[in-house]
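S.K.: Go ahead and model the full structure; you've got the sequences and the hints to work with.
If you're matching them up, the sequences are chains B and X in order.
According to the numbering used here, the stretch in the first sequence is residues 1153 to 1471, in order.
According to the numbering used here, the stretch in the second sequence is residues 1011 to 1454, in order.
Keep in mind that the hints are not guaranteed to be accurate.
[Claimed, not checked] So the derived label-pair ranges between C-beta atoms look like this:
id : chain 1 : residue 1 : chain 2 : residue 2 : range
1  : X       : V1405     : B       : L1443     : 53 to 61 Å
2  : X       : R1251     : B       : E1166     : 48 to 56 Å
3  : B       : H1394     : X       : H1360     : 49 to 57 Å
4  : B       : E1166     : X       : R1256     : 52 to 60 Å
5  : B       : D1361     : X       : W1252     : 34 to 42 Å
6  : B       : P1186     : X       : S1102     : 55 to 63 Å
[Stated by the list, open to error] Far from chain B, some chain X residues (derived; all Cβ distances over 10 Å):
id : residue
7  : R1017
8  : R1047
9  : A1137
10 : I1258
11 : G1313
12 : S1338
13 : S1452
Because the hints were derived from the structure by calculation, they are not lab data.
Note that CB positions come from ideal geometry on N, CA and C, so glycine has one too.
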Amino acid sequence: MRHLLSTADLTRDEAVGILDLAEDMADVATRAVPKLPTLRGRTVANLFFEDSTRTRLSFEAAAKRLSADVITFSAKGSSVSKGESLKDTAQTIAAMGVDAVVLRHSASGAAQVLAESDWIDAAVVNAGDGTHQHPTQGLLDAYTLRKTLHADASRGRDLDGVRVAIVGDVLHSRVARSNVWLLTTLGAHVTLVGPRTLLPMGVGAWPVDVTTDLDAAIAARPDAVMMLRVQQERMHAAFFPHEREYASGWSLDDDRFARLAADTIVMHPGPMNRGLEISARAADSPRSVILDQVTNGVSIRMAVLYLVLSGSDPREAAA
Amino acid sequence: MTTIIIRGARPLAGDPVDLLIEDGVIAERGSGLSRARATVIDADGLVALPGLVDLHTHLREPGFETSETVLTGTRAAAAGGFTAVHAMANTSPVADTAGVVEQVASLGAHHGYATVRPIGAVTVGLAGERLSEIGAMARSRAAVRVFSDDGKCVHDALLMRRALEYVATFDGVIAQHAQEPRLTEGAQMNEGEVSAELGLAGWPAVAEEAIIARDVLLADAVGARLHVCHLSTAGSVEIVRWAKARGIRVTAEVTPHHLLLTEQLVADGGGDPYTSYDARFKVNPPLRRDEDVQALREALADGTIDIVATDHAPHPVESKECAWQEASFGMVGLESALSVVQTAMVDTGHFGWTDVARVLSRVPAEIGRLSGYDAPFEQGSPAHLTLIDPASRSVFGVGSLRGKGVNSPYLGRELPGRVVATIHGGVPTVIDGALRDAEEVSRG
Chain B
1153 MRHLLSTADL
1163 TRDEAVGILD
1173 LAEDMADVAT
1183 RAVPKLPTLR
1193 GRTVANLFFE
1203 DSTRTRLSFE
1213 AAAKRLSADV
1223 ITFSAKGSSV
1233 SKGESLKDTA
1243 QTIAAMGVDA
1253 VVLRHSASGA
1263 AQVLAESDWI
1273 DAAVVNAGDG
1283 THQHPTQGLL
1293 DAYTLRKTLH
1303 ADASRGRDLD
1313 GVRVAIVGDV
1323 LHSRVARSNV
1333 WLLTTLGAHV
1343 TLVGPRTLLP
1353 MGVGAWPVDV
1363 TTDLDAAIAA
1373 RPDAVMMLRV
1383 QQERMHAAFF
1393 PHEREYASGW
1403 SLDDDRFARL
1413 AADTIVMHPG
1423 PMNRGLEISA
1433 RAADSPRSVI
1443 LDQVTNGVSI
1453 RMAVLYLVLS
1463 GSDPREAAA
Chain X
1011 MTTIIIRGAR
1021 PLAGDPVDLL
1031 IEDGVIAERG
1041 SGLSRARATV
1051 IDADGLVALP
1061 GLVDLHTHLR
1071 EPGFETSETV
1081 LTGTRAAAAG
1091 GFTAVHAMAN
1101 TSPVADTAGV
1111 VEQVASLGAH
1121 HGYATVRPIG
1131 AVTVGLAGER
1141 LSEIGAMARS
1151 RAAVRVFSDD
1161 GKCVHDALLM
1171 RRALEYVATF
1181 DGVIAQHAQE
1191 PRLTEGAQMN
1201 EGEVSAELGL
1211 AGWPAVAEEA
1221 IIARDVLLAD
1231 AVGARLHVCH
1241 LSTAGSVEIV
1251 RWAKARGIRV
1261 TAEVTPHHLL
1271 LTEQLVADGG
1281 GDPYTSYDAR
1291 FKVNPPLRRD
1301 EDVQALREAL
1311 ADGTIDIVAT
1321 DHAPHPVESK
1331 ECAWQEASFG
1341 MVGLESALSV
1351 VQTAMVDTGH
1361 FGWTDVARVL
1371 SRVPAEIGRL
1381 SGYDAPFEQG
1391 SPAHLTLIDP
1401 ASRSVFGVGS
1411 LRGKGVNSPY
1421 LGRELPGRVV
1431 ATIHGGVPTV
1441 IDGALRDAEE
1451 VSRG
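M.R.: Written out as structure tokens, the structure reads:
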């Protein structure tokens, strides 16, 4: 794998291969010394043009567990605030000798532009681009789903027939887009739920069901509900009137949580707005896999960094 | 001034004829013409078109000379077969006073590659608050007749009404950039399936159509003339068609790129040298769906859309070599316009070269109140013309661009047609497919 830019680029075999490799990586974490020498001497640059402590730390942990050196660039207090462009920043970091760039950027397509331009030779891993994609998030969600459903029998399996409801601000969500393409590629059935204002125009072309009715989506007994973070500022742009009205329609509140089927799991990419899109009871319940998602994120990112830096096929690596 | 004999050109692809150009006018047409010391252009097999007139050009001077100047922009125009361009008002300072428009017009006259007709701003500083000095610009030596806040929409309904009424005083026209600003906040590309997948904020068709609908009603109400810039959607076509059927005095333009390119290019780039999210496809209004392209072609052929205008919008490389949402809107278009119109309209059988002359010369001149383009090739008419070889095909490249901007969406694409010669007021600006030297052209 040369780069990881979008989950829409992955075939089912590739995706399963990445998930399987992440299983191996997860095993490493259980060792006395949870570290592999695999990427010793390789350098991973975290280029974060947009704040994201969680994703950055997760990539950092992943790279370090593979013994790679990590350098981190974050936009705050950097030359970006002096008007330096993506091209110049990337070339500057690359000139320091970098094998892979992990890019977080507020502009949709930034990772694609960096990867497909001739600006740098390094592998590019998209760590979130605007409202487009966040492929490692999609992969860690798929991994978490598979692990929760199949536990130790996960290896080699896809998500055929698994039903997932993704709820909330789909319009602005790169997490939702990454999951839509990846989960459906893996055979899952996805239902998007939200007010019409937060479902993109053109969503009808996606291979998913779309509804505005969260109660109906819950009554359909999905295997997982994935709650998306709602940005507080959306209400000022007339996407919805105020928090309480949003919550009454699309929050996984205590009442809806109580109506979930017994084996439905609760997911959230974080950070959560407790009381807005999800209640504390739902977030902290045993059916919540939210912290598993964080743990699995490191394994997924180890797998992805390994694949882009070793250049090998995920199926071979997993074999 | 040189005497020129053009031998065997086919005006509007009709029968071959010789044209004698003297003192800037067509002095004679016939066969076997000769004159002592005349420059002879062998135009055997070439189609003669009237000099092309662009109603929508960004020359960038004054203020943005790193992107384009009057000289470089009119050289690009000449290379594309144009002999007149209308220079948009979004310069710095904005063309909202007589002083600025006179300066721009006189720069054009000095260089001589094309007649430069400045467009005046509708509102001071394009700010959409107060009318600019429309009367002073109209009465200035630049004799401005087209007024536009292009790039910004005159969205205030009262201000638009007053502007329509006021310019009518001077036989002027408001050229509206139809874009409802609230519906397009942060907009990046056409709203629809492609924007949904790419996660780019959508520029909905209704934001254009709602303004056009309002403006044709306003124009009707006050009995004024309206021109709609770069119309881009099938819905806009329907509104203009309805307005014309009602007798409302509205004219409309379409750009070459909206006749050929679709939003799909944002997703996949269409091949080397472009990639996905290639900002060279970022333009305002955005590239739309294939259904829109087809509707625009039909509307241009049936006269619902009156003219083709380039919206030539040069930008420095760094404004396009970046993430999509950080890039500037706009494409260069003067050098490629004729080839693209040939591809989209002539080679597809929508219309012929007489229609090309109508939409790229006679009617844009009429809308801009530019004289000298009503009877091309007639004895006594000003000698504005271009000779083209429609059978030629070549790969469009950076070398095909003659202005400062290289932000073209056609690089690497094989396009038909080649401009062999351009003559502006009897002065050759392009000979044998090559631009003539600036000093020679300036001397006349």
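S.K.: Are the hints correct? Go through all of them and say.
M.R.: These are the hints, each one checked on the structure:
Our hint of 53 to 61 Å for V1405 (chain X) and L1443 (chain B) holds, since their Cβ atoms are close to 57 Å apart. For the pair R1251 (chain X) and E1166 (chain B), the supplied restraint of 48 to 56 Å holds, since their beta-carbon distance comes to about 50 Å. The hinted range of 49 to 57 Å is satisfied by H1394 (chain B) and H1360 (chain X), whose Cβ atoms lie roughly 53 Å apart. For the pair E1166 (chain B) and R1256 (chain X), the supplied restraint of 52 to 60 Å holds, since their beta-carbon distance comes to about 58 Å.
Checked against the hint of 34 to 42 Å, the pair D1361 (chain B) and W1252 (chain X) passes, with Cβ atoms roughly 38 Å apart. Between P1186 (chain B) and S1102 (chain X) the C-beta distance comes to about 59 Å, which sits within the given range of 55 to 63 Å. Distance check on R1017 (chain X): its Cβ is at least 48 Å (rounded) from any Cβ of chain B, clearing the 10 Å threshold; non-interface status holds. R1047 (chain X), annotated as away from the interface, keeps every beta carbon of chain B farther than 10 Å; the closest lies near 54 Å.
Every CB of chain B lies more than 10 Å from the CB of A1137 (chain X), the least distance being 24 Å, so the non-interface label holds. Chain B leaves I1258 (chain X) outside its interface by the beta-carbon criterion, the shortest separation being 30 Å against a cut-off of 10 Å. At roughly 32 Å from the closest C-beta of chain B, the C-beta of G1313 (chain X) stays outside 10 Å, upholding its exclusion from the interface. Separation of S1338 (chain X) from chain B is adequate, the least Cβ-Cβ distance of about 13 Å exceeding the 10 Å criterion.
For S1452 (chain X), the requirement that its beta carbon stay farther than 10 Å from each beta carbon of chain B is met, with the minimum near 38 Å.
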